[in-house]
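Please construct the entire structure, taking both the sequences and the accompanying hints into account.
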Amino acid sequence: FDETISFITLLGSADQTISTSGFEEQFFYLIINKPAGQVNLSNDLAISDGLVFASSTLINTFANTLYINSIFSATISGYGTNAYVNGNLKRDVSAGATYTFPVGTAAQYEEAVIQITSAVGLNNITVSFDPTDPVGPVGLFSEGPVVDGIVTPVIDFLNYGYWNIDPDAVTSVTYSITLTSRGHTNAAPYLDFHGIFKNSNALSATGWVEPGVVADLPPLITSPTDPVTVTNFGATSFSDFAIGFSELYPLPIVLTNFSADNQKEEVILHWTTSSEINNDHFTVERSGDGVYFEPVGTVAGAGNSNTALHYQLTDDEPLPGTSYYRLKQTDFDGQHTWSEIVPVQRLTGSVELTVYPNPAHDILYIPAVAGTVSIFAADGQLVWQATGNGQMQVQVSDWAHGTYMMRITQSSGTTEQMFLVQ
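The opening position of the sequence shown corresponds to residue 2 in the numbering used here, with each subsequent residue numbered one higher.
Quick caveat, the hints were computed from the structure, so don't treat them as lab data. Do not rely on the hints blindly, as some may be mistaken.
Taking lysine to aspartate or glutamate and the EDC-like style, the derived pairs with C-alpha atoms no more than 16 Å apart in a straight line are [said to hold, decoys possible]: (1) LYS265 / ASP317; (2) LYS265 / GLU318; (3) LYS329 / GLU286; (4) LYS329 / GLU341; (5) LYS329 / GLU295; (6) LYS329 / ASP281.
Here are the computed distance ranges between Cβ atoms for each label pair [what the hints assert, rightly or not]: (7) PHE333 / SER14: 51 to 59 Å; (8) PHE29 / GLN116: 25 to 33 Å; (9) GLY298 / GLN386: 34 to 42 Å; (10) ALA64 / ALA170: 16 to 24 Å; (11) SER74 / GLY122: 15 to 23 Å.
Computed from a prediction, not measured in an experiment: that's the story for all the values here. Yeah, the Cβ is synthetic: ideal placement off N, Cα and C, and Gly gets one too.
And the structure:
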């Protein structure tokens, strides 16, 4: 057969080796469809029109290079976490296109995606991944996303390795780069702690810079071993690349629930965190009107944690009627944040209910009731009614501004309360 014009499919479960005379001997189309085994290159290999991973197979280049001699982005297909190039992958590139480099190690898939905005003199790019830990940076700072503008120190790199990205003769280039790291064990607690950094020598502590600007990432919680994907925009040169992390946008805690339960003569507060950073303590605060709060008690925080933690505090002198609780979280440096407000109703013979906020703007909260709630406008017209057993919410954002009367009818009695919509 003539490999320069043929579709070649590799089958079988044993390892297979491709031997060529180098880039001068070019394959037309290579399909890898092996139920087991790997593909090894004993020389450089060039492919002109298609490389298809139709099975979970690695291509091991060793010291050689697999060259995709086509500027079309889709020339490589079927790659993924178990189908990629372990070694050197070279691709022809063109401005205005996006190219995926499915590279990695014998154990991990380390994808690189390069979107070329403009380029002069750039014809191809070679990418490989080295599973050697990059040396931690000295004096490196991240400017963060443009939308935030927060400059923070970069304290370390993900500890599985780095990408080497090598272009041919290039006069100028602007591009975006997306890297996905796997195999590390030291990822920061949130995705938006991370960014991409480059150095002419990844094994040097100095010389690291931030290429372009890191994309604004959602603060999703990650475990130290979860894959981390980061994008930088507006990069203008190539070299060694690593994903570093800093204390960008640290959320002090992730509060997964906060509840207040009436238990006869006391109210028990429960809350759970899924992560904590520099958390000194919690303060439970209480209010009789949902506006003015006072402290009830304090519970020590965990400092730093990436596991679910459960807390409890008992208010043994709760207010009669309806009261409101919130949680204040304080860092070691004194900074603090508050949770949402939760209401508790304690009936003392007659119905005592307080809606909040008053005045209301968007949503009116009605504490837990077991009965019928009716709301009347100032002219006596019924504008809203519901029957339930629990807390209710009323959307009032499109109501006419003014005074309204709420009537709550329960088995224990009826009460009326005026409130404003503004």
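Quick rundown of the hints versus the structure:
Only pairs whose Cα atoms come within 16 Å are accepted, and LYS265 paired with ASP317 is accepted, the gap being roughly 10 Å. For the proposed pair LYS265 and GLU318, the alpha carbon gap of about 11 Å is at most 16 Å, so the pair holds. Under the criterion of a C-alpha separation no larger than 16 Å, the hint pairing LYS329 with GLU286 is consistent with the structure, at around 7 Å. Between LYS329 and GLU341 the CA atoms are separated by roughly 10 Å; this keeps the pair inside 16 Å, and the hint holds.
For the hint linking LYS329 to GLU295, the alpha-carbon distance of about 11 Å falls within 16 Å, and the restraint holds. Restraint check for LYS329 and ASP281: the C-alpha separation of about 11 Å stays at or below 16 Å, so the hint holds. Between PHE333 and SER14 the C-beta distance comes to about 58 Å, which sits within the given range of 51 to 59 Å. For PHE29 and GLN116, the Cβ-Cβ distance of about 27 Å falls inside the hinted range of 25 to 33 Å, so the restraint holds.
At roughly 39 Å, the beta-carbon separation of GLY298 and GLN386 lies within the given 34 to 42 Å, and the hint holds. A hinted range of 16 to 24 Å for the beta carbons of ALA64 and ALA170 is consistent with their spacing of about 23 Å. Range check, SER74 to GLY122: about 20 Å between beta-carbon atoms, so the 15 to 23 Å window is met.
Taken one by one, the earlier hints all hold for this structure without exception.
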